[in-house]
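Trainee: Read off the chains here:
2 protein chains.
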Amino acid sequence: MSKQKRTAIEPTREQNYAEWYQQVIKAADLAENSEVRGCMVIKPWGYAIWENIQRALDERFYESGHRNAYFPIFIPKSFFEKEAEHVEGFAKECAVVTHSRLEDNGEGGLKVAGELTEPLIVRPTSETIIGASFAKWVNSYRDLPLLINQWANIVRWEMRTRLFLRTTEFLWQEGHTVHENYEDAMLETRKMLDVYANFAAEYLALPVIKGEKTDSERFPGAVNTYCIEAMMQDKKALQSGTSHFLGQNFAKASEIKFQNREGEMEYAWTTSWGVSTRLIGALIMAHSDDNGLALPPKIAPSHLAIIPIYRDEEEKKEVLKYCKRITDLFVKDYFEDVRVYTELDDRDLTSSERNWYWIKKGIPLRIEIGPRDIASEAVMVARRDKEPRDKQSVPISELHSFVHKSLREIQDAYYQRALEFRKANTIKIDDKAEFYRFFTPQNQNQPEIHGGFAHSHWCQDPACEEQIKNDLKVTIRCIPFEQEEEEGHCICCGKAAKTRVIFAKSY
Amino acid sequence: MSKQKRTAIEPTREQNYAEWYQQVIKAADLAENSEVRGCMVIKPWGYAIWENIQRALDERFYESGHRNAYFPIFIPKSFFEKEAEHVEGFAKECAVVTHSRLEDNGEGGLKVAGELTEPLIVRPTSETIIGASFAKWVNSYRDLPLLINQWANIVRWEMRTRLFLRTTEFLWQEGHTVHENYEDAMLETRKMLDVYANFAAEYLALPVIKGEKTDSERFPGAVNTYCIEAMMQDKKALQSGTSHFLGQNFAKASEIKFQNREGEMEYAWTTSWGVSTRLIGALIMAHSDDNGLALPPKIAPSHLAIIPIYRDEEEKKEVLKYCKRITDLFVKDYFEDVRVYTELDDRDLTSSERNWYWIKKGIPLRIEIGPRDIASEAVMVARRDKEPRDKQSVPISELHSFVHKSLREIQDAYYQRALEFRKANTIKIDDKAEFYRFFTPQNQNQPEIHGGFAHSHWCQDPACEEQIKNDLKVTIRCIPFEQEEEEGHCICCGKAAKTRVIFAKSY
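Keeping their order, the protein sequence lines are chains A and B. Numbers 1017 to 1523, taken from the working numbering, label the letters of the first sequence in order. Numbers 1017 to 1523, taken from the working numbering, label the letters of the second sequence in order.
No lab work stands behind these hints: they were computed from the structure. Do not rely on the hints blindly, as some may be mistaken.
Pairs of lysine-lysine, PhoX-like flavour, derived with a Cα cap of 20 Å [claimed, not checked]:
| no. | chain 1 | residue 1 | chain 2 | residue 2 |
| --- | --- | --- | --- | --- |
| 1 | B | Lys1226 | B | Lys1444 |
| 2 | B | Lys1093 | A | Lys1127 |
| 3 | B | Lys1127 | A | Lys1093 |
| 4 | A | Lys1439 | A | Lys1251 |
| 5 | B | Lys1042 | A | Lys1152 |
| 6 | B | Lys1448 | A | Lys1042 |
| 7 | B | Lys1511 | A | Lys1108 |
| 8 | A | Lys1402 | A | Lys1376 |
| 9 | B | Lys1042 | A | Lys1127 |
| 10 | A | Lys1108 | A | Lys1093 |
| 11 | A | Lys1127 | B | Lys1098 |
| 12 | A | Lys1098 | B | Lys1127 |
| 13 | A | Lys1348 | B | Lys1348 |
| 14 | A | Lys1444 | A | Lys1251 |
| 15 | B | Lys1348 | B | Lys1332 |
| 16 | B | Lys1489 | B | Lys1444 |
| 17 | B | Lys1376 | B | Lys1042 |
| 18 | A | Lys1448 | A | Lys1376 |
| 19 | A | Lys1251 | A | Lys1489 |
To list a few chain A residues with every Cβ distance to chain B over 10 Å, as calculated [to be verified]:
| no. | residue |
| --- | --- |
| 20 | Lys1042 |
| 21 | Arg1083 |
| 22 | Gly1105 |
| 23 | Ile1164 |
| 24 | Thr1230 |
| 25 | Glu1334 |
| 26 | Ala1391 |
| 27 | Ile1443 |
| 28 | Ala1449 |
| 29 | Phe1497 |
| 30 | His1505 |
Keep in mind it's a predicted model, so treat the numbers as computed, not measured. Ideal placement from N, C-alpha and C gives every residue a C-beta, glycine not left out.
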């Protein structure tokens, strides 16, 4: 093991990656488990990241003609029974409302009463309930395309939960659109995948691979499922967004019909697409280090921690006045399209304690201000992407532009680092033995850690996919869009195959 | 009945107020009933109003130090059993989750399975579940004040529902704060009521009366409930927001304790406050007329409907080019703190149809553009607060400032109109017979319509309150903060009383 350096997060990534993840969340105060099985509490610093995700995506959805709406959280059981594949994949593990009243139980407690005629399911996804509305809204080709998005909470009764990555209740957005024909619906499906990929790159500093899911990983009821996949620092893949081409399947289940340009009634073509609070898990695992959270400036809840340093009341007065000059520089200031926020941390703690507090929260920049800085009309600036003790004196006259330049550099640095990490841990493998070695853990302490992403040929036989999954817990993350056609042999059975797919362990 | 004028909404307010309300919502395409009992679908135009409400309030919450967070939608039954008054008032009519799985029923359908050990309640309000987190977060006076807000969906099993005003599921924000002492908590409670009142006035153009609820109308478990009450056009009151001083009641139920400045452990003081999608109901009923919705510009989803008029393809090309010049004037334009949005309505409908479409949706301004306008470098502008046919030619060079001026005037006009309506329908009543006459319907077709707000003395005896409620369906809406002390006699029993309260029928 490498020489130990003291880190703010224990254990380190190398020591125990899964536990490191939990500790980063705790140290940054992002979220915690609640007393309700599998449901998390998203704390202010974590929720603000979600709000920034919402703001950036909303802008993109709106510009591309989508409008937000809100549909009921409850779905009648009968709605699920309409689409056979869908129910198979979804309706099994879910929260079921069966009663509408509590009554005194005569012992100072409450008992359940008022049984419903038909049980209601707390939405695990909303295709069926939104479809019921769309069936009423769509009558003619003139009503199309219908482009709707919903921000909502979702419940899936998960057995093993993990903050942000897999929780019983989570927050997401779900786009639902209706089109005249195959081409328009397919175009929409792919366009929204691009929106996700661009958003991930530009805001989350997360390089993603766009591709299509195999049949076994497809959304239940969809014709095609497209996804963006990102590599985490344990080299596992995290599916960060999906876009589904639903063909006419859900239109048939929900009776979404319209009069086409020829005057005939036909079933519409629909799509759905979503990202969730899982993205925050991706963000954490892509950029954080052994000192805690690292936030790309374009998604950070706040950008500058201002840490005044003084010894007595007299110095305090002067230093705080100087701090005010600094915060004033960033009032209603924007870094590109993102509002800049500052945090004045005047708590009764040492400057080291306050610095570490903000390092662990991942704030992009820290500014220390003491009497000496006032004398020199400057401040000490530290960047989260550099070593904790690496500070630089910046004249106050240049501070505004220095901050903006640094935010851009940090944003770019995180993206580059994540991209290089993925490149370093992605290889083409054409030999089965090598493939199996690649996915065999090297470190006995961390059996989850493995080789990374393998680009290998696959013959399209689900049996081969299944075999590899059973042997190695490795799945096909996607059939990437970008690839040269290249003859080869299925990594599992050796039969001729034309396309490489991405094999990886995943969240 | 007055001479009939053709109106876009039928029936008119005078003919059937309750039905008029439904028709305004339908004509503006704000929301509709879903196939799930009591749950509504909020359509894009309605949801955009809610988003504007969120945006404006969020800014105010943030500036006053509050931070958003998110807590579980499910509350274990046992949590409700902790606070006796609270459970009495709340936990009775609610959605209860008892199972976590659906299974094939062997007949092609699904059956409920996986019974939970403890039933979960879908939150009807979150004091108890948030209290469980706060108990962990608060340890010392240094952790206080704790100022949290949540935007969430809420479920209360309502029997008679009405779009926006009373639905089984609705959207709201709930602020929850923790303080060191009585004074700080009380200050917060009152401060947030002021935030609501100012927001209602400035954004919704809704004049409200601030006051305190009587014991019988208090939030279950609260020490004091404060509210803002608005008058609708049927002269009924609509409670538009509440702020609760919870004393130490919920802190005791949830064990929220902290070490005070003297080093002793004590229970904290908490508050909660909320507004909901009900505000949209208030907005509709305060300003809309017999031609449909009327939206104050500061809360409207969009501000300008641009209606091109042309006879052939050649004119079309020219007119649309001119329209582009107009829309370009308002790209990333702000009316005060509100982003200006424009709608280019180039649908294949007559200009009259398009005008009426936007009148019914309540858009503040409509701009017609035809070949003659191009020739004169002008456009025809119509305001929603004037007669539908009242149009004015505005030179394009002055259009931007004309629009901004008009938006401000419309905003003010709606507020003034609502204020004058309330004044005209509010009186002091000191005579019991007159009081009973005031609340007796004058129009047999609309038994709900009555006199308005009566400022009358009340002796503080719940029996008098109860008597009037039983006799007239009239309740005490609040004990208004603003009033001169004035000796008088209880309007019900005649005993000496010092304060006037507001009596009204209400939603």
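Trainee: Against each hint, give a clear statement of whether it holds in the structure.
Mentor: A quick look at each hint next to the structure:
1. A hinted pair counts as satisfied when its Cα atoms are at most 20 Å apart, and Lys1226 of chain B with Lys1444 of chain B qualifies at roughly 17 Å.
2. The hinted pair formed by Lys1093 of chain B and Lys1127 of chain A meets the criterion: a straight-line CA distance of about 9 Å does not exceed 20 Å.
3. With a CA separation close to 9 Å, the supplied pair Lys1127 of chain B and Lys1093 of chain A stays within the 20 Å bound.
4. Restraint check for Lys1439 of chain A and Lys1251 of chain A: satisfied, since their Cα atoms lie roughly 11 Å apart, inside the 20 Å limit.
5. Between the alpha carbons of Lys1042 of chain B and Lys1152 of chain A the distance comes to roughly 13 Å, so the proposed pair stays at or under 20 Å and holds.
6. Among the hinted pairs, Lys1448 of chain B with Lys1042 of chain A is inconsistent with the structure: their alpha-carbon atoms are about 63 Å apart, more than 20 Å.
7. For the suggested pair Lys1511 of chain B and Lys1108 of chain A, the alpha carbons sit about 64 Å apart, so the restraint of at most 20 Å is broken.
8. For the hint linking Lys1402 of chain A to Lys1376 of chain A, the alpha-carbon distance of about 13 Å falls within 20 Å, and the restraint holds.
9. For the hint pairing Lys1042 of chain B with Lys1127 of chain A, the CA-to-CA distance comes to about 40 Å; that exceeds 20 Å, so the pair is violated.
10. With a C-alpha separation of about 11 Å, the suggested pairing of Lys1108 of chain A with Lys1093 of chain A holds against the 20 Å cut-off.
11. Of the supplied pair hints, the one linking Lys1127 of chain A and Lys1098 of chain B holds, its CA atoms being roughly 14 Å apart against a limit of 20 Å.
12. Distance restraint check for Lys1098 of chain A and Lys1127 of chain B: the Cα-Cα separation of roughly 14 Å lies within the 20 Å cut-off, and the hinted pair is therefore satisfied.
13. Between Lys1348 of chain A and Lys1348 of chain B the CA atoms are separated by roughly 16 Å; this keeps the pair inside 20 Å, and the hint holds.
14. About 15 Å separates the Cα atoms of Lys1444 of chain A and Lys1251 of chain A, which keeps this hinted pair within 20 Å; it holds.
15. A hinted pair counts as satisfied when its Cα atoms are at most 20 Å apart, and Lys1348 of chain B with Lys1332 of chain B does not qualify at roughly 26 Å.
16. Taking the CA atoms of Lys1489 of chain B and Lys1444 of chain B, the gap is about 19 Å. The hint holds against a cut of 20 Å.
17. Of the supplied pair hints, the one linking Lys1376 of chain B and Lys1042 of chain B holds, its CA atoms being roughly 9 Å apart against a limit of 20 Å.
18. The suggested pairing of Lys1448 of chain A with Lys1376 of chain A is violated, with an alpha-carbon distance near 42 Å, which exceeds 20 Å.
19. In summary, the hint linking Lys1251 of chain A to Lys1489 of chain A is supported, as the alpha carbons are separated by about 14 Å, within the 20 Å threshold.
20. No beta-carbon of chain B comes within 10 Å of the beta-carbon of Lys1042 of chain A; the shortest separation is about 12 Å.
21. Remark: the non-interface label on Arg1083 of chain A conflicts with the geometry, its nearest Cβ contact in chain B lying 4 Å away (cut-off 10 Å).
22. No Cβ of chain B comes within 10 Å of the Cβ of Gly1105 of chain A; the nearest lies about 12 Å off, and the non-interface call holds.
23. Ile1164 of chain A, annotated as away from the interface, has a beta carbon of chain B within 10 Å; the closest lies near 7 Å.
24. Non-interface call for Thr1230 of chain A relative to chain B: holds, since the shortest CB-CB distance, roughly 26 Å, exceeds 10 Å.
25. Distance check for Glu1334 of chain A against chain B: the nearest CB is about 25 Å away, which clears 10 Å, and the non-interface claim stands.
26. Listed as outside the interface, Ala1391 of chain A is consistent with that label: its C-beta sits roughly 32 Å from the nearest C-beta of chain B, beyond the 10 Å cut-off.
27. Under the 10 Å C-beta cut-off, the non-interface status given to Ile1443 of chain A relative to chain B holds; the minimum distance is some 40 Å.
28. At roughly 42 Å, the least C-beta separation between Ala1449 of chain A and chain B is larger than 10 Å, which holds for a residue marked as non-interface.
29. For Phe1497 of chain A, the requirement that its beta carbon stay farther than 10 Å from each beta carbon of chain B is met, with the minimum near 32 Å.
30. Distance check on His1505 of chain A: its Cβ is at least 41 Å (rounded) from any Cβ of chain B, clearing the 10 Å threshold; non-interface status holds.
Of the numbered hints listed earlier, those contradicted by the structure are 6, 7, 9, 15, 18, 21 and 23.
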